[in-house]
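Work out the full structure, taking the sequences as your base and the hints as a guide.
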Amino acid sequence: MSSPVLSPLAFAQLDAFTGSHFGGNPAVVVQFPAADDPRLQDPGLLVNVAREFAQPMTAFLSPLEHGACTISYAHAAGVSPLPAI
Numbered sequence: 242m243s244s245p246v247l248s249p250l251a252f253a254q255l256d257a258f259t260g261s262h263f264g265g266n267p268a269v270v271v272q273f274p275a276a277d278d279p280r281l282q283d284p285g286l287l288v289n290v291a292r293e294f295a296q297p298m299t300a301f302l303s304p305l306e307h308g309a310c311t312i313s314y315a316h317a318a319g320v321s322p323l324p325a326i
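Take the position in the sequence shown, starting the count at 1, then add 241; the result is the number in this note's numbering.
Because the hints were derived from the structure by calculation, they are not lab data.
The beta carbon of each residue, even a glycine, is placed where N, CA and C say it ideally should be.
Watch out, some of these pointers could steer you wrong.
Stated by the list, open to error - Per label pair, the in silico range of CB-to-CB distance: (1) Pro297 x Gln272: 14 to 22 Å; (2) Gly265 x Gly319: 33 to 41 Å; (3) His307 x Ala251: 19 to 27 Å; (4) Gln272 x Gly319: 17 to 25 Å; (5) Gly264 x Leu305: 26 to 34 Å; (6) Ala253 x Gly308: 16 to 24 Å; (7) Gly264 x Gly285: 30 to 38 Å.
Here is the structure:
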């Protein structure tokens, strides 16, 4: 049985907590196309994505209605969901 084909995810690596390039803390932001994307329900996958980027923190964004989004953070030890903003 084949796995469903899922769309690629947009991502960016940013310098957080700084006003200049190459300063602060590196962080990765991964954007999912929809809040119901099945990959968001797999904490193991999110941790593996975070490990692949090998940065201190990876944020996962998923859109909601009216410009709001949900954010989850992952690092090598696990996933930390946050309320919608």
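Which numbered hints are broken by the structure, listed smallest first? Failing hint: just 2.
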